[in-house]
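For this one, chain S is given, so just place chain F on it according to the hints.
Same order as they appear, the protein sequences are chains S and F.
The first sequence maps to residues 377 to 1256 in our numbering.
The second sequence maps to residues 377 to 1256 in our numbering.
Treat the hints as calculated values from the structure; they're not laboratory data.
Fair warning: there could be bad hints in the mix.
If chains are identical, the list can't say which one is meant, so a pair holds when it fits in one copy or spans any two.
[As the list claims (entries may be wrong)] Below are the SDA-like pairs computed for lysine to any residue, each with C-alpha atoms no more than 25 Å apart in a straight line:
| # | residue 1 | residue 2 |
| --- | --- | --- |
| 1 | Lys457 | Ile1058 |
| 2 | Lys1178 | Glu1039 |
| 3 | Lys861 | Glu1039 |
| 4 | Lys699 | Ile1029 |
| 5 | Lys970 | Glu1169 |
| 6 | Lys1199 | Glu1187 |
| 7 | Lys1092 | Gly1190 |
| 8 | Lys861 | Ser1020 |
| 9 | Lys804 | Arg870 |
| 10 | Lys1136 | Val1197 |
| 11 | Lys1092 | Asn598 |
| 12 | Lys1178 | Arg1204 |
| 13 | Lys1112 | Gln679 |
| 14 | Lys744 | Phe934 |
| 15 | Lys1256 | Glu1223 |
| 16 | Lys971 | Leu565 |
| 17 | Lys1031 | Val1017 |
Bear in mind that the values here come from a model prediction, so they are computed numbers and not experimental data.
2 protein chains.
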Amino acid sequence: MGLFWTKTKKFVYSFDEGKGVNKYIIGGKWANLAEMMSLGLPIPDGFTVSTEACELYYQNNKVNAQEVLDQVELKLQKLEKTMGKKLWNSQDPLLVSVRSGAAASMPGMMDTVLNLWLNDESVVWLANKTWNERFAWDSYRRFIQMFGDVVMWVEHRHFEEQLQKVKNEKWIKNDTDLSVEDLQKVVYLYKETIQKNTGKMFPNDGREQLTMSIDAVFNSWNNDRAIVYRKLNNIKWLIWTAVNIQSMVFGNMWETSWTGVCFTRNPSTWENKFYGEYLMNAQWEDVVAGIRTPLEIAELERQMPDCYAELVDIYKNLEKHYKDMQDLEFTIQEWKLYILQTRSGKRTAAAAVKMAVDMVKEWLIDEKTAILRVEPEQLDALLHKQIEVSAKNSAELLTKGLPASPGAGVGQIVFTAEDAHEWAQEGKKILLIRTETSPEDIQWMHASQWILTARGWMTSHAAVVARWMWKCCVAGANEITIDEKSKTLTIGQRVFKEWDILTLDGSTWEVFAGELKTVDPELSWDFAILMQWADKYRKLWIRTNADTPNDALMAKKFWAEGIWLCRTEHMFFADDRIKAVREMILSDSLDGRKKALAKLLPFQKEDFVGLFNAMEWFPVTIRFLDPPLHEFLPTEEEDIVELSKDMNVEVSILKDRINWLHEFNPMLGHRGCRLVISYPEIAEMQTEAVISAACELAKEWKQITPEIMIPLVWFKQELDFNLEIVHRVAKSTMEKYGIEVNYTVGTMIEVPRWALTADKVAESAEFFSFGTNDLTQMGLGFSRDDAGKFIKEYVNQSIFDKDPFQTLDQEWVGQLVEIAVEKWKSTRPNIKLGICGEHGWDPASIEFCHRVGLTYVSCSPYRVPIARLAAAHATLKNDK
Amino acid sequence: MGLFWTKTKKFVYSFDEGKGVNKYIIGGKWANLAEMMSLGLPIPDGFTVSTEACELYYQNNKVNAQEVLDQVELKLQKLEKTMGKKLWNSQDPLLVSVRSGAAASMPGMMDTVLNLWLNDESVVWLANKTWNERFAWDSYRRFIQMFGDVVMWVEHRHFEEQLQKVKNEKWIKNDTDLSVEDLQKVVYLYKETIQKNTGKMFPNDGREQLTMSIDAVFNSWNNDRAIVYRKLNNIKWLIWTAVNIQSMVFGNMWETSWTGVCFTRNPSTWENKFYGEYLMNAQWEDVVAGIRTPLEIAELERQMPDCYAELVDIYKNLEKHYKDMQDLEFTIQEWKLYILQTRSGKRTAAAAVKMAVDMVKEWLIDEKTAILRVEPEQLDALLHKQIEVSAKNSAELLTKGLPASPGAGVGQIVFTAEDAHEWAQEGKKILLIRTETSPEDIQWMHASQWILTARGWMTSHAAVVARWMWKCCVAGANEITIDEKSKTLTIGQRVFKEWDILTLDGSTWEVFAGELKTVDPELSWDFAILMQWADKYRKLWIRTNADTPNDALMAKKFWAEGIWLCRTEHMFFADDRIKAVREMILSDSLDGRKKALAKLLPFQKEDFVGLFNAMEWFPVTIRFLDPPLHEFLPTEEEDIVELSKDMNVEVSILKDRINWLHEFNPMLGHRGCRLVISYPEIAEMQTEAVISAACELAKEWKQITPEIMIPLVWFKQELDFNLEIVHRVAKSTMEKYGIEVNYTVGTMIEVPRWALTADKVAESAEFFSFGTNDLTQMGLGFSRDDAGKFIKEYVNQSIFDKDPFQTLDQEWVGQLVEIAVEKWKSTRPNIKLGICGEHGWDPASIEFCHRVGLTYVSCSPYRVPIARLAAAHATLKNDK
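In isolation and in its complexed conformation, chain S is listed as follows (with noise of 0.2 Å):
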């Protein structure tokens, strides 16, 4: 054998020889254990089968070469010299473990077989060792089990057949009252199962054992799961498998052997200071069990200082090592410690701010490490109030629905406007519950502690309004019905009445019946710090989307450098200016429609003097109205009834009026700019309202700079019909004033062809802002409001890789972002690009916006921190 030993590559690895070998060779888990072993950790020992004798497997028709079984058997030989056990022993018996050991963990590749080497004579070795019959005769028949199931593919359910007719015979309910003869029955049943199934003996010899479960593994490489995983996640760079062989070592041998678990810091705490729990002469099933309680690790102290000692040492080497807090894995047999696993501990969103930020303090990591340990979702959970834990243990879950906003809340059920108006002004806390909600709903919504509908997802009209209000929201749960005339609420089975106090949890997408605790969101000193450090590095800047001066402090608040979107059309719906807005509508004269213009002039201008004034010398775009007319007209017949007294029009001629504006696609009708080419009037008025506020601020001597955004555009020329508008009557405003106000005019982006035009559109606008939601719609030909009725077969089929409305679609807008601001570069190097709506705090999206080098980003104010942070780790990740 010497001979092939020079001759032969190298296919087996033992841990010392792992270190510095590519995890591609000796796979992902392996690199792991022998980067613990080079720092000097008692790891139980053991060995690995490169990826590269996998490699040769198949390429002999699934027969592994005989020099592979060569060097595995050499690497056998020198385990048992360094545990110091046999694997053939009465003494001291040598157990194994196999595991598959890709270069990264994949779902569908075969499991762990514990305990090999394992048969009937060691069986008997094993009890006299650890002075527990029991223990040896569950291990075995788990390890046949085991080795049955992944090994030579017999099906679970035949083995748990044969348990339960053992249990039946005897009257035993659990697994753990089977007697150590129950226990011998059922490894002989065991056996003959495999016999019966699979026409072969299960093997007695470790060495069968052993190479049988090496195939084993190679083989699960290619089984349809694994195919299937592989392909679904697009994963082409991950070849062949390697196997992992270790020796098995024991905390319930006798009182002189422990299991247990540690922290490198406190877990509920997340101070700097050991923590951990141990039993004595336990498994480690049995302290997640929580059957026996524990003790604390510093009573491990007093009962074995020496391995106290070691452990002590170990965790700070290891937190020194990984600059991470560790969660730890330990065993000790006999006196010996031995460290089976260790991790990056988990953590809550609090954990890991805290955390990140008293490492930089302790001189463990840099700021860009702690910035990066922080990921940005997990901020979301910092800024919302949750369900407290243990309230769901005893609540009554009504359903689930789909995600829309996080957060979670408590309120009443109400089923009129006019009772939520009267009840929130009373001051209950009232709630929101529909099939779906419109803009007429603005000022329900506004005063709702939550919002239920039953259609709709994560982007419905309900969703993003309740975003942007930051209220928690669930979408889509389309079990409820509401009856608004017998004023009934039904869910499932359950039938609720007004005044019924309903709880949601936004984050898990469940509504429950009655009130839950709730826990307020805290946020602690070391966030403001964090945070700075993320401004620190950034090169994004960070606005927010906001249409009231409130919205604007809010954001201000967590420093969001400007507002990106203003959108205008929330400022129509309020009760003293949706009458003007409709008699505009309805007006069929310019004359009567520039009357009832003049009459939203002083409540616009007032908007941008508040806006203005919240962002001080923050810049604020302000996009002209977007949204067809009809959505400012009531549906119910009652409100057009209603309304037609108001206006004194006959009900007839405003239904045909209403009819008329009715449209079969609203998201691609008459709308955006579309309307100014109909009615100049309304750009006329918006801009002078904009130019007004900015000059009456011009005289307290605020320097204000507003910038005008066009929406839907499509055909330069468009853009162009709007900019001689805005220009011709930002003059005359700023005449009338004495005060000249400099404004820029751009654009928005949310027309695919506009995109692919974006060399022309610069020729007119001086800034743009990427529409990602409507290029998402528009280019997916996919309506928001529609897609929550068979979004979920998309979901179930595994079609999406991730929802285009949360992640941006890299190979759909991703491109035509990319296209457009290299046209747009061609004509206008030095332009201000950014993105406004959904994606614009989606770390992934983000990041994307970074590279492809925009500007801005822009989100509700609440998401500010998350995008600063998404927008520091786009700079330390991409900027090398």
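Frame of chain S, contents of chain F only:
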């Protein structure tokens, strides 16, 4: 001046110097005249001041350089010599005309000024010379008016006022009743008007008249109208204008003078036979006005044999030279023949075809030229019924709508589907007049003579279906109101009832009261010959959009080379099918749906057997179900009640279901292959029907290769999901028949995202077809059903260059197609690519398809000849 002659640049060209000089220097008109001169034609002599002089004029701050004026002077002297007249001569005064002469004609530029050099003296000489005092003074007053208007900028209305004053004084109604004295008074008043309005005298001196006119032409180059025109039409290549100065000739100088018009071929029969008319002692206006009956040209031979012989010689030469039928204007002044103009004669579609084929037979032109002589769009008229031209003279025009589908028709008004059905059965010619149409109206549309809608446009449902059915249709006639209850149709002030007769002209979009005489289309042998030539040269394959065997047979008559788009949804609206479709939609279990689909299967199979049989060996591409399911359900209360009885389902449940299926933006909703993700059983049924049909024909030894097209895909995973179903069901169906059938599966690219990921599409699809309608709608965010309401303003504001639904928008769809073709070919180089949809017969779009290398275009059966000719044009124009 001889000194200058050699030193300075040439700014002024006479005809004999014009040949070969760039038309950008001497202008387009002059280049034509010079060409005629070079053929030896007797043209009234003249000269042109070049565009370079115009440039110099602007460089000199709008002053003409002396050297230019000097060169003009020399040419004036030469003109006197060649015309044998004198500019200042009491015997035979020379008068000239001045015209602008850019390289292309352009509205907004200065128009013609005739009779320059007339003044208070020369008017008398002219009177003497022509023995016609009235003519002389009328010419003078017209000259002053023209000169005052276009050279001296006095508004036209000022002259009108003066003229009216003189007429009022004398109680005269018509200008022709003015006496010489009256005209002399008018001349006086006109001169006074000019002085009052400009502060300047009307120039009596001919040279001053001329230089002022030249300045006026140069100035008009930069007037607002001309600038706007160039901007709107994106004319950047056209720089500066020339000024054409030509001597006047008169056909009204006593009996020795004549004026007339002639065609080189007969303008009614289009035979190769000289044809013309003329008047003695007359001006051109007299021929046009039709006051005097003109003589046939053959008379001229008798009256002036020399002139006639010369004219015949000229017309033959001209046709040989231009290789096309010419339309000539001539004047004989005192026995001398002058040709004033020649141009290619206007012609009807039938004439164009006949002449093109004739001229090839006469060896005058070759086949390629003949093909290019007929504009593809012209053929439309050949293929449609037309209203007899004279019939319109006395007709009552009711309203005018927007273009939808050409042709003409007469029929009776009917208000309900039942009546329509019944009357049509009785053989009555009925109409469909609706606010808008929906797929439910298919039967009615089928039975109608023509369709008129209040909403919509070129690409609304009504228009698309009408063109598909080859029915005449006008859309967007928003002055009509239909009241189904009282069974009245109101158009403006007019009210119509059941049975009333209306006539529609789909080519002029007009609606007439009563019955107008129509003319049937007739296809000649010449047409067939021209089409054969076209087929010889075209490279694109022309297929058709056809859903029924009848359509397919019709298309084959026009030589369609297969079906590229069979819309299976159209097969489901017949009475015997819609019930099963509705049963499927209303079922809430898989079993229920499968049962309903099983009922549809035999129908669907028969449909395909019929189509395959009709197309024989030509390929048939079948698109699977595309529209949202709610399109198959009724919307009107009474229809719902009826359906409820039919289906034995409660009305409230039915309404709930219909409500649930309602979509905000159906175009972006649950349709196309999205339906299959939710209901795979639909694709299973359709696959079984297609493959069964092919198998059954295979038993009769007919080789069918069905092509299955999956619509509305946007993710590769979606297509793969569909492919799995098709291949699975195809396999089991073929096994059932024991027959192997070749079939292919492709996809439509109508979702913009899909186009940008064409490289991935190509991994799974074997062919694809661009759905350019949806690409346009989604890419422009522009629903064709809603556009009718605001499209007029877009046309008025000239925001469109061309309607993007009629002519493929090359900046958007074009870019996408180019990107997709490139990506696609990177994955699968030899692939069949095509387009289907409205653009499939538009010549400009076909040329684009040819250029980017598509394989097919497809259009409705009657448009196939247009597409064939357009494809030949594309080859001849692009492949050099």
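Against the structure, the hints come out as follows:
Taking the shortest Cα distances, Lys457 and Ile1058 never come within 25 Å of each other, neither inside one copy (88 Å) nor across copies (66 Å). In this assembly of identical chains, the alpha carbons of Lys1178 and Glu1039 lie at most 25 Å apart only when taken from different copies (24 Å versus 31 Å within one copy). Taking CA atoms no more than 25 Å apart as the test, Lys861 paired with Glu1039 passes between copies only; the shortest distance there is 24 Å, against 28 Å inside one copy. With identical chains, the CA atoms of Lys699 and Ile1029 are never at most 25 Å apart, being 73 Å at best within one copy and 63 Å at best between copies.
In this assembly of identical chains, the alpha carbons of Lys970 and Glu1169 lie at most 25 Å apart only when taken from different copies (19 Å versus 49 Å within one copy). Both within a single protomer and between protomers do Lys1199 and Glu1187 lie at most 25 Å apart by alpha-carbon distance, with minima of 18 Å and 13 Å respectively. For the homomeric pair Lys1092 and Gly1190, the shortest alpha-carbon distances inside one copy (23 Å) and between copies (17 Å) are both at most 25 Å. Proximity of Lys861 to Ser1020 under the C-alpha cut-off of 25 Å is found in both arrangements, the shortest distances being 23 Å within a copy and 24 Å between copies.
Taking the shortest Cα distances, Lys804 and Arg870 sit within 25 Å of each other inside one copy (24 Å), while across copies they are farther apart (59 Å). For the homomeric pair Lys1136 and Val1197, the shortest alpha-carbon distances inside one copy (12 Å) and between copies (24 Å) are both at most 25 Å. In this homomeric assembly, Lys1092 and Asn598 come within 25 Å of each other (Cα to Cα) only across copies, at 23 Å, whereas the closest approach inside a single copy is 55 Å. Taking the closest pair of Cα atoms, Lys1178 and Arg1204 never come within 25 Å of each other, the shortest separation being 34 Å inside a single copy and 28 Å across copies.
Taking the shortest alpha-carbon separations for Lys1112 and Gln679, neither the intra-copy value of 89 Å nor the inter-copy value of 77 Å comes in at or below 25 Å. For a Cα distance limit of 25 Å, the shortest separation of Lys744 from Phe934 inside one copy, 21 Å, qualifies, whereas the shortest one across copies, 72 Å, does not. Taking the shortest alpha-carbon separations for Lys1256 and Glu1223, only the intra-copy value of 14 Å comes in at or below 25 Å, while the best inter-copy value is 49 Å. Taking identical chains as interchangeable, the C-alpha atoms of Lys971 and Leu565 are never at most 25 Å apart, the minima being 92 Å within one chain and 47 Å between chains.
For the identical chains of this complex, Lys1031 and Val1017 are neighbours both inside a copy (10 Å) and across copies (24 Å), given an alpha-carbon limit of 25 Å.
Hints 1, 4, 12, 13, 16 from the list above are not met by this structure, while the remaining hints are.
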